[in-house]
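Visitor: Chains as they are written, first to last, in our numbering: chain A, 696 to 1124; chain B, 6 to 317.
Hints were generated in silico from the structure; no laboratory data involved. For each residue, glycine too, the CB sits at the ideal point set by N, CA and C. Where hints are given, some of them may not hold.
Partial selection, computed: residues in chain A whose CB lies under 8 Å from chain B [unchecked claim]:
| hint | residue |
| --- | --- |
| 1 | S706 |
| 2 | T711 |
| 3 | A713 |
| 4 | D734 |
| 5 | A739 |
| 6 | E740 |
| 7 | Y850 |
| 8 | Q851 |
| 9 | V854 |
| 10 | F1053 |
| 11 | D1055 |
| 12 | L1059 |
| 13 | A1061 |
| 14 | K1062 |
| 15 | L1116 |
Covered stretches of chain B (in silico footprint by chain A; criterion: 3 or more residues with CB under 8 Å from a CB of chain A, positions within the stretch not fixed) [what the hints assert, rightly or not]:
| hint | stretch |
| --- | --- |
| 16 | 11-22 |
| 17 | 117-127 |
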Amino acid sequence: MATDHARQTHSQVTPTDAERYDARFAARATAIRSSAMRDLMSLAERPDVISLAGGFPDTSSFPADVFEEVMQVVAHDHLTSALQYGPTEGLRELRERIVEIMLHERATATVDQIMITSGGQQGIDLTIRTFVDPGDVVIAEGPTYPGAVPCLTSYQAEVVHIPMDDDGLQVELLEPELDRLAALGKRVKLIYTIPNFQNPRGVTMSGERRERLVQIAHARELMILEDNPYGQIRFDGDPLPSLYELDEGRGWVVYVSTFSKILAPGMRVGWVAAPPPVLRKMNHGKQSEDLCSGTLSQRFVLEYLRRHDWRDHVARVNEIYRERRDAMLTALEEEFPTSATWTRPRGGLFVWATLPSFIDTQDLLAKSLDEQKVAFVPGAAAFLNGEGRNSMRLNYSAMPAAVISEGIARIGSVVRDQTDLFDGFGGGR
Amino acid sequence: MKVAVLKGGRSFEREVSLRSGTNVEAALRRLGHEVLSLDVDRDLVRVLRADRPDAAFIAMHGQGGEDGTVQELLEILGIPYTGSGVSACERAWDKVVAKAVFTAGGIPTPASYAFSQAAFRELGAADALGEIESRLGLPLVVKPARGGSALGIRLAHEPGEVPAALMAALAYDDRLLMERYVAGRELSVSVVGDDNPEALPVVEAIPLGREFYDFESRYTPGATDLQAPADLPKDVTDAVIDVALGCYRELGCRGFARIDTILDGDGQAWVLELNTIPGLTDTSALPRAIEAAGMSFDDFIGQVLDLAHLGA
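Using the sequences and the hints given, assemble the complete structure.
Guide: Written out as structure tokens, the structure reads:
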């Protein structure tokens, strides 16, 4: 138990003083509200809880000797520059190597279109910051990446969700929605999508829909934010062309990706590829946020890429994730009631499960934590409009297969219990 | 004085408790006390034995902290603690028991029925739902018998919404309460003292854009307009305070507590619950009541600490 005997300078701000800030906080700070869900999630971090809630890649498979070797190179050959500020857009050679990595994602860019960011998250933030005024509409998948929610909220975007199916964003529903929004006089600024192994749904947008989406963006002159953190976490099949590629250089797509999944998230090295006029604005935004991404991390990634084939590490983690995904799907088959459905991802880190509509997964999380010591992300976290209440996101990258099976069994027992109970209520009569 | 501040734990209100605890610790330090900050876990008894604090300030909310459990441990260890004793905590924590005590004492609390999960699973209680709905009327409130921060509380507007509301409540406790919905103003009264308890000014919570004072309204700065003192005629204020002091006495509370009521259109205050460890976060009602009483937060915390005791 943590004890704290430290003598600090005492804060003179009492709870009765706290109200004075309320009128002073910026609208973007007050836009983010407290939630019971966020508080419950903190219980998921306790060591005795099996958490299928996080989105953590496996970092135990990164070889310690490789880390040591690369760090020695950084220490011996690049220490002064690695400890110094760097250019806002990032180390040039690293940007060149990113151009090569993007080719494996079927995305062709030039080095002047690339800026290094502090994780893909900053790429999302900078794009929204650059394009979205309060009240502007952002189209997002329903469900969308839960980590984008605070971003969209704090820039006060009005988010309109477009439903998904097993082929990703239902692009055919997009045009009528755009017409409806136009009739309301709403200004749509961005279409935010994760085409590959989407977080949280785990599905991939079909080739046909990709082409159609880019056509719509061209016809209506709309920006697309293509978020592609999981493209390399692929268990079978070949990559489909990126939206960035399908744009054919016409400049309606901003592409965001990261080394978090192909190397390690602790590096906090990601990137954006964007048309140069957009990139210049984002560069100004980045100067304001952090001047430059950590040069030490950038140097580490660069020296790693110079000495090792990143695809070897990706192949290693993909083997691990494939086994874990299989364990999760098998456990779901065995442990979840037939009234539940779930996605069968061919890559990425997540399964999205949907339960009968009478189950609220936030309440289910409370019960699961309390009675079974197991956690997941309630589906409502992936929507800004209260939808998703009977769904959940399940992560399979962070835990060994046996723990995943046990975790699913525990959730399954709570779900079955709740289903039996509902039957006892006469099933809604 | 060496004061252990007990906070956190693993209840659903863990995070709220950490925020209350932080405020209590800051106040105690400003008052010159030595603070032993304890995020409660299975080492609690061992740490308390080793560190021997002069008193414990309990800033835990929900299960474990508000239900008499930690109070019982402190009794065994002989460490005086703030707030109510074991039995008052036990009775206040279970809304079914508390409401029975209020009713027996002539204190108005909305009509209700309580059921365990077993009643639905084994005795076919669901077949009585239609009768319950017609007796209590719709909308009706469904809540876990034990729990705080409005977690698991649902308003069912029509019969079709009742089963999902029952499910929600039973996710937080194995017993639930179906209660007549009283439309009106949400008023809370905080009470401090032992033999001659006194009420602080009444606080009205006006949640902005929400149907009731739910979790989000409670803990998002600016999401609820807390008016202290509430804008009420003097006779209504007196009546609300009277009801609150009655609750405090009937349950045998000590130290401090907060009583939550609804004031209906006829000026009648209905008691919903009594909290033996009221929230002390920046957005909680009690700090507003303290301010409206012209007291400093620190002096109030000092007063509650002075009332720390042993023996229920």
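Visitor: Against the earlier hints, flag every one the structure doesn't satisfy and list their numbers going up.
Guide: 5, 6, 7, 8 and 9
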